[in-house]
Amino acid sequence: MKKIITTKNAPAAIGPYSQAVEINVILFISGQIPVNPETGKLVDGDISVQTEQVLKNIGAILTQAGYTYKDVVKSTCMLASISDFKAMNEVYSRYYNDNQPARAAFAVKDLPLGSLIEIDTIASK
Amino acid sequence: MKKTLFIIAILSFIAGTSCKTEDKDEKEVKRVITLENTPARRPYSPAIEVDNMLFVSGQIAISQATGALIEGGIEDQTRQVLTNLKNIIEKSGYTMEQVVKCTVLLQDISFYAPMNLVYMEYFPKDPPARMAFAVKDLPMGALIEIDAIAVK
Numbered sequence: 001m002k003k004i005i006t007t008k009n010a011p012a013a014i015g016p017y018s019q020a021v022e023i024n025v026i027l028f029i030s031g032q033i034p035v036n037p038e039t040g041k042l043v044d045g046d047i048s049v050q051t052e053q054v055l056k057n058i059g060a061i062l063t064q065a066g067y068t069y070k071d072v073v074k075s076t077c078m079l080a081s082i083s084d085f086k087a088m089n090e091v092y093s094r095y096y097n098d099n100q101p102a103r104a105a106f107a108v109k110d111l112p113l114g115s116l117i118e119i120d121t122i123a124s125k
Numbered sequence: 126m127k128k129t130l131f132i133i134a135i136l137s138f139i140a141g142t143s144c145k146t147e148d149k150d151e152k153e154v155k156r157v158i159t160l161e162n163t164p165a166r167r168p169y170s171p172a173i174e175v176d177n178m179l180f181v182s183g184q185i186a187i188s189q190a191t192g193a194l195i196e197g198g199i200e201d202q203t204r205q206v207l208t209n210l211k212n213i214i215e216k217s218g219y220t221m222e223q224v225v226k227c228t229v230l231l232q233d234i235s236f237y238a239p240m241n242l243v244y245m246e247y248f249p250k251d252p253p254a255r256m257a258f259a260v261k262d263l264p265m266g267a268l269i270e271i272d273a274i275a276v277k
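Heads up: the sequence lines are chains A and B, in that order.
For the first sequence, this note's numbering gives the first residue as 1, with consecutive numbering after it.
For the second sequence, this note's numbering gives the first residue as 126, with consecutive numbering after it.
Since the hints were made in silico from the structure, they are not lab data.
Even glycine gets a Cβ: it sits at the ideal position worked out from N, Cα and C.
Fair warning: there could be bad hints in the mix.
[To be verified] Have a look at the derived ranges for each label pair, beta carbon to beta carbon:
id : chain 1 : residue 1 : chain 2 : residue 2 : range
1  : B       : 266       : A       : 81        : 49 to 55 Å
2  : A       : 36        : B       : 156       : 40 to 46 Å
3  : B       : 156       : A       : 93        : 16 to 22 Å
4  : A       : 103       : B       : 154       : 21 to 27 Å
5  : A       : 93        : B       : 177       : 46 to 52 Å
6  : A       : 90        : B       : 262       : 37 to 43 Å
[Unchecked claim] Calculated cross-link-like contacts (lysine to aspartate or glutamate; reagent style DMTMM-like; alpha-carbon spacing at most 25 Å):
id : chain 1 : residue 1 : chain 2 : residue 2
7  : A       : 125       : B       : 222
8  : A       : 74        : B       : 222
9  : B       : 261       : B       : 174
10 : A       : 2         : B       : 222
11 : A       : 41        : B       : 215
12 : B       : 277       : B       : 262
13 : A       : 109       : B       : 272
14 : A       : 109       : B       : 200
15 : A       : 2         : B       : 251
16 : A       : 56        : B       : 251
17 : A       : 41        : A       : 110
18 : B       : 211       : B       : 200
19 : B       : 277       : B       : 200
20 : A       : 74        : B       : 246
21 : A       : 2         : B       : 196
22 : A       : 2         : B       : 200
23 : B       : 261       : A       : 46
24 : B       : 250       : B       : 222
25 : A       : 8         : B       : 251
26 : B       : 277       : A       : 52
27 : B       : 216       : B       : 233
28 : A       : 109       : A       : 71
29 : A       : 109       : B       : 262
30 : A       : 109       : B       : 174
31 : A       : 3         : B       : 272
32 : A       : 125       : B       : 176
33 : A       : 3         : B       : 233
34 : A       : 74        : B       : 174
Bound-form chain A, shown alone:
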């Protein structure tokens, strides 16, 4: 039975999607953009600041669902510019420092709200 995960510690959805859906100990987290959950606005800052906010949002959803960063099995990192790849990796590595998840990363044409980064996550226990 699918379970909808909701937390105020991560940004509210800006469209018709759930923050995360859990089923059979698999957690599907919606693509997170660097919105500060307190202000509801995109954070002001470069790729490092934005990546940090995205990963904090993912962390809040993981916690709400009873998972940790260590349970993440797959990430998809979408960048507004491929030149942000290295700086994104530096922040990303701090959150995923051992048993790093499988990952796809690429530059897209545009992201919602003009974000520099969106990260989608699948976790499993």
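Assemble chain B onto chain A, guided by the hints.
Using the frame of chain A, we list chain B on its own:
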């Protein structure tokens, strides 16, 4: 010589048997979903089921009647894409309520709001997790492509 041939024969028999077992296991675990009008030459299946999980290939706004991309703007294309998805999901024995994850690829990020309005009609309650973004280009010049994962 005779002895060598005998050993080879035994080994091939063992190899043959183990291959068959693997095939059987594979068939039990992974099910390929096909539709009556699945184009023969595409190197992907409309959907694959494994255990109780259904992976639906990215759908673009192709009319099942004509096999061509429909005329129309983002609203019409979104509706056609979701109709195609729903069709595959239901033919696979799943429901739209069982969809847990979608990926929405847009040809232009300005389609985000109008896409959402149509998308909501198909997922009115407890919508799936989702990622959405604009890509450089989509097959056949489509305006939108959506893929889905459903779980029973």
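Hint check results:
no. : hint                         : in the structure
1   : 266(B) to 81(A): 49 to 55 Å  : violated, 25 Å
2   : 36(A) to 156(B): 40 to 46 Å  : holds, 44 Å
3   : 156(B) to 93(A): 16 to 22 Å  : violated, 38 Å
4   : 103(A) to 154(B): 21 to 27 Å : holds, 25 Å
5   : 93(A) to 177(B): 46 to 52 Å  : violated, 34 Å
6   : 90(A) to 262(B): 37 to 43 Å  : violated, 30 Å
7   : 125(A) to 222(B)             : holds, 23 Å
8   : 74(A) to 222(B)              : holds, 24 Å
9   : 261(B) to 174(B)             : violated, 30 Å
10  : 2(A) to 222(B)               : holds, 9 Å
11  : 41(A) to 215(B)              : violated, 38 Å
12  : 277(B) to 262(B)             : violated, 33 Å
13  : 109(A) to 272(B)             : holds, 18 Å
14  : 109(A) to 200(B)             : holds, 20 Å
15  : 2(A) to 251(B)               : holds, 9 Å
16  : 56(A) to 251(B)              : holds, 24 Å
17  : 41(A) to 110(A)              : holds, 18 Å
18  : 211(B) to 200(B)             : holds, 16 Å
19  : 277(B) to 200(B)             : violated, 29 Å
20  : 74(A) to 246(B)              : violated, 29 Å
21  : 2(A) to 196(B)               : violated, 36 Å
22  : 2(A) to 200(B)               : violated, 28 Å
23  : 261(B) to 46(A)              : holds, 23 Å
24  : 250(B) to 222(B)             : holds, 8 Å
25  : 8(A) to 251(B)               : holds, 17 Å
26  : 277(B) to 52(A)              : violated, 34 Å
27  : 216(B) to 233(B)             : violated, 31 Å
28  : 109(A) to 71(A)              : violated, 30 Å
29  : 109(A) to 262(B)             : holds, 9 Å
30  : 109(A) to 174(B)             : violated, 31 Å
31  : 3(A) to 272(B)               : holds, 20 Å
32  : 125(A) to 176(B)             : holds, 17 Å
33  : 3(A) to 233(B)               : violated, 32 Å
34  : 74(A) to 174(B)              : holds, 19 Å
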